[in-house]
Amino acid sequence: MPDFTFKKAERLKSLKIIGGLFKDGQSFGVYPLRLFWSAQPMPEGGLPVQFTVSVAKKNFKSAVARNRIKRKVREAWRLNKHRLYRKLEDNPQQYVCMVLYVAKEDLPSSQIEKAMQTMIHLFFKKNIAPANNQIIDEPPLS
RNA sequence: ACUGCGAACUACUCCAUCGCCAGCUGAACUUGUCCUUUUGGGCUCGUGAGGUUGGAGGAAAGUCCGGACAACGUAGAGCGCCGCACCACCUAACGGGUGGGACUCCUGUAAAACGGAGGCCAGAGAGUGUCACAGAAAAUUACCGUCCUGAGCAAUCGGGAUAAGGGUGAAAACGUGCGGUAAGAGCGCACGGCGCUGCUUGGCAACAAGUAGGGCGGAUAAACCUUGCGGGUUGAAAUGUCAUGUACACCGGUGCUGUCCCGAGUCAUCGGGGCAAAAGGGCUGCUCGCCCGAGCCGGGGGGUAGGCAGCUAGAGGCCGUCCGUGAGGCCGGCCCCAGAUAAAUGAUGGAGCCCGCUUCGGCGGAGUACAGAAUCCGGCUUAUUGGUUUGCAGUGCUU
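Count along the first sequence starting at 1, add 5, and that's the number in the working numbering.
It should be emphasised that the hints constitute simulated quantities derived from the structure, not laboratory data. The model shown is predicted, which means the values in this text are computed figures rather than measured ones. Backbone N, C-alpha and C fix where the C-beta goes; we use that ideal spot for every residue, glycine too. There may be inaccurate statements among the hints.
Unchecked claim - Derived Cβ-Cβ restraints for the label pairs, each shown as a range:
1) Lys66 to His126: 29 to 35 Å
2) Val69 to Gln45: 15 to 21 Å
3) Asp111 to Asp8: 27 to 33 Å
Claimed, not checked - With a straight-line Cα cutoff of 30 Å, these simulated BS3-like cross-link-like pairs (lysine-lysine) come out:
4) Lys28 to Lys92
5) Lys28 to Lys62
6) Lys28 to Lys109
7) Lys131 to Lys66
8) Lys28 to Lys12
9) Lys92 to Lys66
10) Lys109 to Lys130
11) Lys75 to Lys13
12) Lys75 to Lys131
13) Lys13 to Lys109
14) Lys119 to Lys28
15) Lys92 to Lys62
16) Lys131 to Lys12
17) Lys75 to Lys130
18) Lys62 to Lys119
19) Lys66 to Lys119
20) Lys12 to Lys92
21) Lys63 to Lys75
22) Lys63 to Lys119
23) Lys92 to Lys63
24) Lys21 to Lys131
25) Lys13 to Lys119
26) Lys109 to Lys12
27) Lys63 to Lys12
28) Lys131 to Lys13
29) Lys66 to Lys130
30) Lys130 to Lys21
31) Lys130 to Lys13
32) Lys131 to Lys109
33) Lys12 to Lys66
34) Lys92 to Lys131
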């Protein structure tokens, strides 16, 4: 049974780090989402990923609409993050990730979740897989 | 029953699965410590499975007023600046509310009364300024006119008086009538109007009614201004507190000694080497001693990341008696009702409810409108869908 929780410790909180992500982080987009991430040394007792969502005020003026979209994206992460966690078990680094919602309209959850799955897969392929393949044998994906 | 105008309440509901935040409880693990030492037990710092309770709004919004609270400031007085402005009351306070009064508009009427609506309702009779166009003149004015008078044969021209009539204008210096006069004029009188001062009556008062006196002074204070009253400044990103790591102001100590091995020895010690965190320099010919000193050890302040307090039991909510026209108040009973910190309060599926279409089988839409707590209250303003209850008015039906 995968862990579907999303506790405080998994959330990215520091304003400094979030600001740094825009400046120095890497990114790619899977419509309607765009991922910003960077790696940092694993702190004592830390989790493999710290995650947060952002919706631009420019695109959604109503606070209620922004809240709704953030909840949908957070749910998509919560239900799919185990796919990434499973592959990061022995990773010595911690990743800080922020997902920006770039669409200008409120899309249904199914589409957001699909994009999230694609994005997690891409993130793994682009970033982690090449480094890890040299050290350990990756078991075939189930 | 329908329509219109208000008022109050409400803010989709249920089920399943997976979650989030906070409080309480708490298996288990863990830090320190004590007792007992047999197996353990007590206190304590953390982590925390599970259980249980609660978890957005009427406007949470705009941030427009008023407070609480906090920090800083503060002898007293004056000037300035800002705000407020019919009266009384309510309130912690207010620019809010309640009740009352004048005014304006609507309705209504012969005229009123009754009824409805509205608001920057102190002062223009303290001073200064301004008043488009038209008009002679917009505040001490005279174009036409009227009257008197001088010149001239006359047309006409000049001097003076006047403000009734004409004309202009949103507004022209109280209205009508009579007297009066050269013609006129509140110049005088009668009636009426207005506002000022005093008095009487009613009212806490604003004010109303009446009466006497002396008046007739255009608008504008959202122009300056005058009068009265009120006002320290900054806001929870306030403020207080704990404080890891790195670097650092400052203070104290230390800045050498211990130990091992080898050699010498008069058995006091001396020399060399290794190890342990650890240079030396100045005063001097040398030793002792004193001073400075990188480093090391300890103290320590400010304070970054971050944590905690402020932070939710309150001018609190609900119910009831009584007082008050009312806003509201006294008393009694019951209840505890979000507290996040990049920011929880949800996501998905199904059913109902709702809306649209309908061949009455269904099909489609919908986080139903406006909208997301951020120190907390009291208001105001603005946005807004549907439903429930209810008051008043009108129409219709039944009895």
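Outcome of the hint check:
{"no.": "1", "hint": "Lys66 to His126: 29 to 35 Å", "in the structure": "33 Å, holds"}
{"no.": "2", "hint": "Val69 to Gln45: 15 to 21 Å", "in the structure": "34 Å, violated"}
{"no.": "3", "hint": "Asp111 to Asp8: 27 to 33 Å", "in the structure": "29 Å, holds"}
{"no.": "4", "hint": "Lys28 to Lys92", "in the structure": "27 Å, holds"}
{"no.": "5", "hint": "Lys28 to Lys62", "in the structure": "19 Å, holds"}
{"no.": "6", "hint": "Lys28 to Lys109", "in the structure": "23 Å, holds"}
{"no.": "7", "hint": "Lys131 to Lys66", "in the structure": "34 Å, violated"}
{"no.": "8", "hint": "Lys28 to Lys12", "in the structure": "27 Å, holds"}
{"no.": "9", "hint": "Lys92 to Lys66", "in the structure": "38 Å, violated"}
{"no.": "10", "hint": "Lys109 to Lys130", "in the structure": "28 Å, holds"}
{"no.": "11", "hint": "Lys75 to Lys13", "in the structure": "16 Å, holds"}
{"no.": "12", "hint": "Lys75 to Lys131", "in the structure": "25 Å, holds"}
{"no.": "13", "hint": "Lys13 to Lys109", "in the structure": "29 Å, holds"}
{"no.": "14", "hint": "Lys119 to Lys28", "in the structure": "28 Å, holds"}
{"no.": "15", "hint": "Lys92 to Lys62", "in the structure": "34 Å, violated"}
{"no.": "16", "hint": "Lys131 to Lys12", "in the structure": "27 Å, holds"}
{"no.": "17", "hint": "Lys75 to Lys130", "in the structure": "26 Å, holds"}
{"no.": "18", "hint": "Lys62 to Lys119", "in the structure": "24 Å, holds"}
{"no.": "19", "hint": "Lys66 to Lys119", "in the structure": "26 Å, holds"}
{"no.": "20", "hint": "Lys12 to Lys92", "in the structure": "20 Å, holds"}
{"no.": "21", "hint": "Lys63 to Lys75", "in the structure": "15 Å, holds"}
{"no.": "22", "hint": "Lys63 to Lys119", "in the structure": "25 Å, holds"}
{"no.": "23", "hint": "Lys92 to Lys63", "in the structure": "36 Å, violated"}
{"no.": "24", "hint": "Lys21 to Lys131", "in the structure": "25 Å, holds"}
{"no.": "25", "hint": "Lys13 to Lys119", "in the structure": "25 Å, holds"}
{"no.": "26", "hint": "Lys109 to Lys12", "in the structure": "29 Å, holds"}
{"no.": "27", "hint": "Lys63 to Lys12", "in the structure": "29 Å, holds"}
{"no.": "28", "hint": "Lys131 to Lys13", "in the structure": "27 Å, holds"}
{"no.": "29", "hint": "Lys66 to Lys130", "in the structure": "35 Å, violated"}
{"no.": "30", "hint": "Lys130 to Lys21", "in the structure": "28 Å, holds"}
{"no.": "31", "hint": "Lys130 to Lys13", "in the structure": "27 Å, holds"}
{"no.": "32", "hint": "Lys131 to Lys109", "in the structure": "27 Å, holds"}
{"no.": "33", "hint": "Lys12 to Lys66", "in the structure": "28 Å, holds"}
{"no.": "34", "hint": "Lys92 to Lys131", "in the structure": "13 Å, holds"}
Comparing the model with each numbered hint stated earlier shows that hints 2, 7, 9, 15, 23, 29 do not hold.
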